[in-house]
Amino acid sequence: GAVVSQHPSRVICKSGTSVKIECRSLDFQATTMFWYRQFPKKSLMLMATSNEGSKATYEQGVEKDKFLINHASLTLSTLTVTSAHPEDSSFYICSGAWGREQYFGPGTRLTVT
Amino acid sequence: DAKTTQPPSMDCAEGRAANLPCNHSTISGNEYVYWYRQIHSQGPQYIIHGLKNNETNEMASLIITEDRKSSTLILPHATLRDTAVYYCIVRVGMGGSQGNLIFGKGTKLSVKP
Numbered sequence: 006g007a008v009v010s011q012h013p014s015r016v017i018c019k020s021g022t023s024v025k026i027e028c029r030s031l032d033f034q035a036t037t038m039f040w041y042r043q044f045p046k047k048s049l050m051l052m053a054t055s056n057e058g059s060k061a062t063y064e065q066g067v068e069k070d071k072f073l074i075n076h077a078s079l080t081l082s083t084l085t086v087t088s089a090h091p092e093d094s095s096f097y098i099c100s101g102a103w104g105r106e107q108y109f110g111p112g113t114r115l116t117v118t
Numbered sequence: 004d005a006k007t008t009q010p011p012s013m014d015c016a017e018g019r020a021a022n023l024p025c026n027h028s029t030i031s032g033n034e035y036v037y038w039y040r041q042i043h044s045q046g047p048q049y050i051i052h053g054l055k056n057n058e059t060n061e062m063a064s065l066i067i068t069e070d071r072k073s074s075t076l077i078l079p080h081a082t083l084r085d086t087a088v089y090y091c092i093v094r095v096g097m098g099g100s101q102g103n104l105i106f107g108k109g110t111k112l113s114v115k116p
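In order, the protein sequences belong to chains A and B. Here the first sequence stands for residues 6 to 118, numbered as in the working numbering. Here the second sequence stands for residues 4 to 116, numbered as in the working numbering.
Bear in mind the hints are in silico, worked out from the structure with no lab data behind them. Some hints here could point you the wrong way.
One side of the interface only, derived from the structure: several residues of chain B facing chain A at Cβ under 8 angstroms [said to hold, decoys possible]:
(1) Cys-15
(2) His-43
(3) Gln-45
(4) Thr-86
(5) Gly-107
So the derived label-pair ranges between C-beta atoms look like this [said to hold, decoys possible]:
(6) Ser-14/A / Pro-116/B: 25 to 31 angstroms
(7) Lys-6/B / Pro-45/A: 21 to 27 angstroms
(8) His-80/B / Pro-111/A: 22 to 28 angstroms
(9) Ser-23/A / Ile-77/B: 41 to 47 angstroms
(10) Leu-83/B / Asn-75/A: 25 to 31 angstroms
(11) Thr-8/B / Arg-114/A: 38 to 44 angstroms
(12) Asn-22/B / Cys-18/A: 42 to 48 angstroms
(13) Ser-12/B / Lys-19/A: 36 to 42 angstroms
(14) Asn-57/B / Asn-75/A: 16 to 22 angstroms
(15) Ser-59/A / Asn-22/B: 38 to 44 angstroms
(16) Ser-113/B / Pro-111/A: 18 to 24 angstroms
(17) Ser-28/B / Phe-44/A: 25 to 31 angstroms
(18) Leu-73/A / Ile-77/B: 41 to 47 angstroms
Where a beta carbon is used, it is the ideal one built from N, C-alpha and C, also for glycine.
Using the sequences provided together with the hints, build the complete structure.
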C-alpha cells in the first residue's frame, strides 16, 4: 500500500507555544488529506479536510485559527497547533486519499506541558 | 454515511481464524464497506473493502451478506501481531477524496497464545 509519513513522531511543548506537524505522502500524490486526532482510549475524530491549493474545511467545533492547515503541494500537508494548551495534548494522525482508499500516517503524539 | 455496530471486544487463539462481525443495516446501495485496524499507538491500517461481492487479499477476507446489512472480516490464521482495534466503516464514494472515514469504537481483538 501507499506510504504516509509524519514528522515529528513525538513532541513536547510548553503552553502558549506553537508546534507544526508535517504529513507527507511518500509514493503517491494526495489531492486530499485529512487530519484526525485521538484522545486516550477514544476513537479517531476528524478535525479537517484539506485539498491541495485551497483552504481546509474544518469540522464543527474545531477552531480554524487555532489549528492551521496548509496543503501546499500534492505530497505535503502541515498542521500547526497555535498557542497550545494542555488540553490539546493528543495523538494527531493524517491521511492521504488515493484511489478508493485512505492511507494513514503513523501519528504524532503531542504533549503540552 | 450509514452507521455500523461492532462488538466491543473479542478474543481469538493464535493460529485460529478470527471472525469479526459488523452490522450495517442502513447501508445504501452506493456505500462500500471498509475495514481498517489500529495497533496501539499507530495510525490506522487499511485492510480491505467491498461493495457486494466477497473479497480476499493477502491480509483478510471480507464476507458481505446478500442483503448487505452485515459483513464479517476473517483473518484466516491470527497471530499475536493481529491484536488491534478493528474498525468497520461504510462510506459513499468511489474516490478516496469523496468523503472522509468516520470511525466508530471498533472491536478490540486480542489474540492469545
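Original post:
Once the shortest beta carbon distance from Cys-15/B to chain A is found, is it less than 8 angstroms?
Top reply: violated (21 angstroms)
**OP:** Mind checking the hinted window 25 to 31 angstroms against the Cβ distance between Ser-28/B and Phe-44/A?
**Re:** Given about 29 angstroms between the Cβ atoms, the range holds.
Original post:
Hint check: is the beta carbon of Thr-86/B less than 8 angstroms from a beta carbon of chain A?
Top reply: Violated, about 16 angstroms.
**OP:** Can you let me know if the beta-carbon spacing of Ser-113/B and Pro-111/A is within 18 to 24 angstroms?
**Re:** For Pro-111/A against Ser-113/B, whose Cβ atoms are near 22 angstroms apart, the range 18 to 24 angstroms holds.
Original post:
Between Asn-22/B and Cys-18/A, does the C-beta distance stay in 42 to 48 angstroms?
Top reply: Hint holds: Cβ distance 44 angstroms, inside 42 to 48 angstroms.
Original post:
If you take the shortest Cβ to Cβ gap from His-43/B to chain A, is it below 8 angstroms?
Top reply: Given a least distance of 11 angstroms, the restraint on His-43/B is violated.
Original post:
Within 38 to 44 angstroms or not, the Cβ separation of Thr-8/B and Arg-114/A?
Top reply: violated (30 angstroms)
Subject >> Status of the given 36 to 42 angstroms range, CB of Lys-19/A versus CB of Ser-12/B >> reply: At roughly 38 angstroms between Cβ atoms, Lys-19/A and Ser-12/B fall inside 36 to 42 angstroms, so the hint holds.
Original post:
So the hint says 41 to 47 angstroms: do the beta-carbon atoms of Leu-73/A and Ile-77/B match that?
Top reply: holds (43 angstroms)
Original post:
Regarding Ser-23/A and Ile-77/B, is the given constraint of 41 to 47 angstroms on their beta-carbon distance met?
Top reply: This hint holds: roughly 46 angstroms between Cβ atoms.
**OP:** Kindly confirm whether 25 to 31 angstroms is satisfied by the beta carbon distance between Leu-83/B and Asn-75/A.
**Re:** Because 40 angstroms falls outside the window, the suggested range is violated.
Subject >> Range agreement (Cβ of Pro-111/A with Cβ of His-80/B, hint 22 to 28 angstroms) >> reply: holds (26 angstroms)
Figure legend: structure checked against the earlier numbered hints; hints not met, in rising order: 1, 2, 4, 10, 11 and 14.
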